[in-house]
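> Starting from the structure of chain A, add chain B where the hints point.
Number of protein chains: 2
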Amino acid sequence: MSQPATLRSWVASANGHADFPLQNLPLGVFSLPGSAPRSGVAIGEQIFDLEAALELGLFEGQAKAAVEATRGGQLNAFFELGSAARVALRARLLELLGESSSLRGKIEAQGAKLLPLAADCQLHLPARIGDYTDFYVGIEHAQNVGKLFRPDNPLLPNYKYVPIGYHGRASTVRPSGSEVRRPKGQTLPAGQSEPSFGPCARLDYELELGIWIGRGNAMGESIAIGDAAEHIAGFCLLNDWSARDIQAWEYQPLGPFLSKSFITSVSPWVVTAEALEPFRQAQPARPQGDPQPLPYLFDTRDQQGGAFDIELEVLLLTEAMREQNLPAQRLTLSNTRHMYWTVAQLVAHHSVNGCQLQAGDLFGSGTLSGPEAGQFGSLLEITEGGKKPVELATGEVRKFLEDGDEIILRARCRREGFASIGFGECRGKIVPAR
Amino acid sequence: MSQPATLRSWVASANGHADFPLQNLPLGVFSLPGSAPRSGVAIGEQIFDLEAALELGLFEGQAKAAVEATRGGQLNAFFELGSAARVALRARLLELLGESSSLRGKIEAQGAKLLPLAADCQLHLPARIGDYTDFYVGIEHAQNVGKLFRPDNPLLPNYKYVPIGYHGRASTVRPSGSEVRRPKGQTLPAGQSEPSFGPCARLDYELELGIWIGRGNAMGESIAIGDAAEHIAGFCLLNDWSARDIQAWEYQPLGPFLSKSFITSVSPWVVTAEALEPFRQAQPARPQGDPQPLPYLFDTRDQQGGAFDIELEVLLLTEAMREQNLPAQRLTLSNTRHMYWTVAQLVAHHSVNGCQLQAGDLFGSGTLSGPEAGQFGSLLEITEGGKKPVELATGEVRKFLEDGDEIILRARCRREGFASIGFGECRGKIVPAR
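First to last, the sequence lines map onto chains A and B.
Going by numbering that gives the first Met the number 0, the first sequence opens with residue 0, and the numbers climb by one from there.
Going by numbering that gives the first Met the number 0, the second sequence opens with residue 0, and the numbers climb by one from there.
A portion of the hints provided could be inaccurate.
[Unchecked claim] Label-pair ranges, simulated between beta-carbon atoms: (1) B/Leu147 <-> A/Gly60: 57 to 65 Å; (2) A/Pro286 <-> B/Lys386: 35 to 43 Å; (3) A/Phe196 <-> B/Ala17: 41 to 49 Å; (4) B/Leu147 <-> A/Lys146: 36 to 44 Å; (5) A/Phe196 <-> B/Arg321: 33 to 41 Å.
[As the list claims (entries may be wrong)] One-sided excerpt, in silico: chain A residues whose CB lies under 8 Å from chain B: (6) Gly129; (7) Asn157; (8) Tyr160; (9) Gly184; (10) Trp248; (11) Glu395; (12) Val396.
Just so you know, these hints were derived from the structure itself, not from any lab.
Ideal Cβ placement from N, Cα and C applies to all residues, glycine included.
Next up, chain A with everything else stripped away, as it sits in the complex (with noise of 0.2 Å):
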């Protein structure tokens, strides 16, 4: 399915584009100023209105029902059809936007009409969303926050064995652009013994990997690993903004809470596993002494070809660098390859106790920091809770976010001979509390 780097697009824009080139081809739902959602495709500068696309007869058989499930503004319908009518569509469109269209020019005929411009318009979540389940399996993450915690034990006797997990809060996923609200709460002063409620101080980001589900499950019924490629339906950047104070002070005995359900951010285009194929790679071998998955955790091909070679980035911009004219600031750059279990592993997991999982759920994979300074995915780990400024270009510093402080997430897949792939952006600009 992996497509070379020399597969050009007639679309201008998308040949050499650093997110959305002719291999890439993630779906997404949009709008025009005025018009309702609609289901489109990202192609450079531009997007692909499927909806406009099949009222014009540009598609058929598989490709054409996977084009009319994407209908109505939501793409669940779409995801439930599972891989078959993806790739199908997938096929069409490299096709009708590949350099030697035969239908070049009755698309391009249709103008705007059919290739909007991406500026013009305002993108949505892609789906419905049932569920979210926020992962923990940024395994260095994992340590870096233990430490903070645990010095001698960061990590817990069952994170080698237990893809770590717990339910989000669904009703507050939004799509990037989406302002921030600097949430207000209880937290415990230091050194206090009774709290305080009042705006969180210590606002941050995560960086993680999201996956929408596919195909669901019955409930009482299982995903066997070696099925579970049937029930992702693609990727995306999500920021599972965390207030620390508030986290610190709420989440014994029964985990994160209001900490996190003010609002958890999303790159709206969904990435298909088909882009990504030229970026998989064998699951990192387990270090020395770890334990073997269990089996119902383990499938060879997994194993093999599993994991995802992504180069993440999160870059800071502040009130004071748009007024000096200044680019965002980068504070990590990390890789998707510091997942301690695979996407496969975590959709096994989910489901092992008969949980049914649908399509349009969301899974957050976790922060995904790297071992080294630059490469941690949250200023929780950067400062050492605070305790070590980040100073930036301007001179400012920070230990958290600022009210104006604007996060944005970014993504990229490099290969020798193959385009590169992106995600487009996962942005959120902190607004004061109310």
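Frame of chain A; chain B shown alone:
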């Protein structure tokens, strides 16, 4: 709004009915064989078909708008309307079904079309659940469970300040009568350092009050405690089935996950605040030395009348009892008085960070145990973690639930001068692991 015991219905089975006298009028969604789910009201042994009554022209004004919002097999739109619509509907139902109804003849002439026997009807979830949140406000339960893990320090320091809660799984909430498939998962056998995989061996129930959320709030805005009533649509019974062995191994550091997400059962009828009005009471005084609630959790009216006196009961029916025609045996008799926080406090807390609540969201109270033997809301507490098995009338013993066991939750409100109000049952029978 509350109606005295003397109020009678011309529906004969309603008068003196333990659960559904005319004073209750809970809403739900039911279906007859071969027809689509629709809204109805429980009255004695029958269901008043709201959609059929709407077609007959029995409603007008606000009550009509309320019934229109119940159409489509989900009460979400009705919940979103808030209390005025609900109160108008109740007033009209009291007229229609009251002893001196001028429309009795018209309704009776329709026979089973308007009043099918509940026994013929399948009951469904009353709403599409966006998010499900489980709280932990049964302080006796928190103390009993805390003692098992931390004998000297059963309650964590945050317990009396924070209404502790966590996100649950919405996709596996099911109505009473749905089978409970024993989950499989990882557990750490006593004395071992490596986990095993297999069927849960410590399957348990948890007796909870369920709360259906009414009108939602915009993201970023909080619901003031004084406004919480407008955001509560009604109440049900909730069994938070728990796999104790899976829970013990997985829950650190992010809370319960697969140990709870295999199923959560609810009673299907939505009992309204109006029906429960006579059973409101002052929030029990906090023991000397306990802190006062923070201002966002404090409201004088809520302190004076925000708690409920609802008797809660758990019964166990084993295979042997069924074979011997023995009645189900009571395991627990408790009361909602054991909630350390009121329902209004839960709503205010959940939204204080700007988290968006939506009509049809579901809250669980947490297990509502009393302080004494016979009042414990889970087998974990009754058997002290399996150390002291319960002896049953059949001569059987139980540490935890076995395949074939059925758990039945019931609730009853009693007060001199008022009709008794019930919730109907919340049942679930264990079927073997796959």
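> Which earlier hints can't be squared with this structure?
Of the numbered hints, 4, 5, 11 and 12 do not hold.
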